[in-house]
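Trainee: Residues 16 to 310, numbered by this note's numbering, are exactly what the sequence shown covers, in order.
Hints are computed from structural coordinates only; laboratory data are not their basis.
In this text, a Cβ means the ideal position worked out from N, Cα and C, and glycines have one as well.
Worth double-checking, as some hints may not be accurate.
In silico DSBU-like links for lysine-lysine, alpha-carbon gap of 35 Å or less [to be verified]: (1) K244 - K138; (2) K256 - K269; (3) K244 - K233.
So the derived label-pair ranges between C-beta atoms look like this [said to hold, decoys possible]: (4) N254 - V134: 17 to 25 Å; (5) V134 - R257: 36 to 44 Å; (6) R257 - E82: 41 to 49 Å; (7) Q66 - R280: 27 to 35 Å; (8) N254 - V287: 45 to 53 Å; (9) V287 - A251: 50 to 58 Å; (10) W153 - D263: 47 to 55 Å.
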Amino acid sequence: MTWLRNWLNRAKEQSESEAGQNSERSQQQTSSSSGEEHREGFHIRDAERRQLRRLLKRESDLEYDLERAREAFQEENQWTDRIEQLNQAVEQAMADREAIEPDREPVSRPQLDATPIQVVELKESEPANITLAIGSVWIAYAEEIDWAERGHQITMPELNRVSGDVDDLMPAHEDESIAQELREHLRHSLAIYANQVLEHEAAGTEPPSMTLADMTQKCPDCGGWLDQKGRCPHCAELNWKRQEIDADLRRIRKERDDVIADLERQQERYPVIQRQLKETRDDIAKLRAKGVEPA
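Using the sequences and the hints given, assemble the complete structure.
Mentor: Take a look at the structure:
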C-alpha cells in the first residue's frame with residue numbers, strides 16, 4: 016500500500032501548489048485593479064484641478080470686464096472724458112481751418128509795368144550762364160558745378176545769381192513787408208525764367224516772352240502774386256494747410272465715433288457678462304464641493 020500513500024501525497028502537494036498559484040494570481044489581479052483605479056482617480060482629480068484654475072482665471076477676467084461695463088453707465092467715465100477731449104479738438108481744428116482762409120479784404124499789392132525781360136547773353140554749354148536785362152537792370156546767372164576727384168560731375172548744375180539784383184526794379188511802397196515780399200517774388204520768378212530759357216535753348220525752341228507785369232499778376236482770391244503758370248503760391252500753401260487740418264479732423268472724428276461705439280458696446284455687454292460670471296462661479300462651487308483645490 017506504499018505506492019497508494021505516495022500517490023495520495025503527490026496529489027495533495029499538486030493540489031496545494033495549484034491553490035497557491037491561484038491565490039497569488041488573484042492577489043496580483045486585485046492589486047493591479049486597485050492600482051489602475053488609483054491612477055485613474057489621480058488623472059481625474061488632476062484634470063479637475065486644471066479646470067478649476069481655468070475657471071478662476073476666467074472669473075477674474077469677467078470681474079474686470081463687469082467693472083468696466085458698470086462704469087459705462089456712470090454719468091462721467093473714461094469714455095465720456097475722452098469724447099469731451101475729442102470734441103474740444105474738433106472745435107479747435109475747425110477754428111484753425113477758418114483762420115487760414117484768405118482775407119476777405121486782400122492786401123493791396125502792386126503790379127509792375129509791362130517792362131520786357133530780354134535775354135542779352137546766353138551760353139548753354141557747361142558751365143551755362145545767362146544774363147537778363149529788364150530795362151537798365153542787368154541780372155546774370157551761372158551754373159555752379161561740383162566735380163568728383165577724377166573729373167566726373169556728381170551733382171546736377173544749378174543756376175545761381177552772380178551779379179545784379181531787383182532792388183532797382185522796386186516801386187516805392189509804404190508797407191515794408193509788402194516791398195520785401197515783392198523783392199523775394201521777383202528774385203524767385205526771374206531765376207525760374209532763366210532756367211526756362213536754358214531749357215528751351217537746349218530743346219531748340221523759343222522761350223516765352225515775359226514782362227514784369229506778367230510776373231506780378233495778382234490772385235483774385237487773396238491778392239497775392241501768381242507764378243508763371245498762373246498759380247498762387249499763397250493760396251496753394253493755404254490749401255495744403257486746409258488739407259492737413261481736414262485729415263486731422265477725419266482722424267479725430269473717427270476716434271470719437273470709435274469711443275462712442277465702445278461705450279455703447281460696454282453697456283450692451285453688461286447683462287451678458289453678469290450671466291457668464293454667474294455660470295462660472297456655479298462651476299467653481301461644484302468643483303470645490305467635491306474637494307477640488309487649484310493647488
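Trainee: It remains to establish, for every hint, whether it holds in the given structure.
Mentor: Hint-by-hint comparison with the structure:
1. K244 - K138: 25 Å, holds
2. K256 - K269: Roughly 20 Å separates the two Cα atoms, so the pair holds.
3. K244 - K233: 12 Å, holds
4. N254 - V134: 17 to 25 Å: 34 Å, violated
5. V134 - R257: 36 to 44 Å: 39 Å, holds
6. R257 - E82: 41 to 49 Å: 44 Å, holds
7. Q66 - R280: 27 to 35 Å: The hinted range 27 to 35 Å holds for Q66 and R280, with Cβ atoms some 30 Å apart.
8. N254 - V287: 45 to 53 Å: 49 Å, holds
9. V287 - A251: 50 to 58 Å: Cβ of V287 to Cβ of A251: about 54 Å, so the range 50 to 58 Å holds.
10. W153 - D263: 47 to 55 Å: About 48 Å separates the Cβ atoms of W153 and D263, which means 47 to 55 Å holds.
Of the numbered hints stated above, the single one contradicted by the structure is hint 4.
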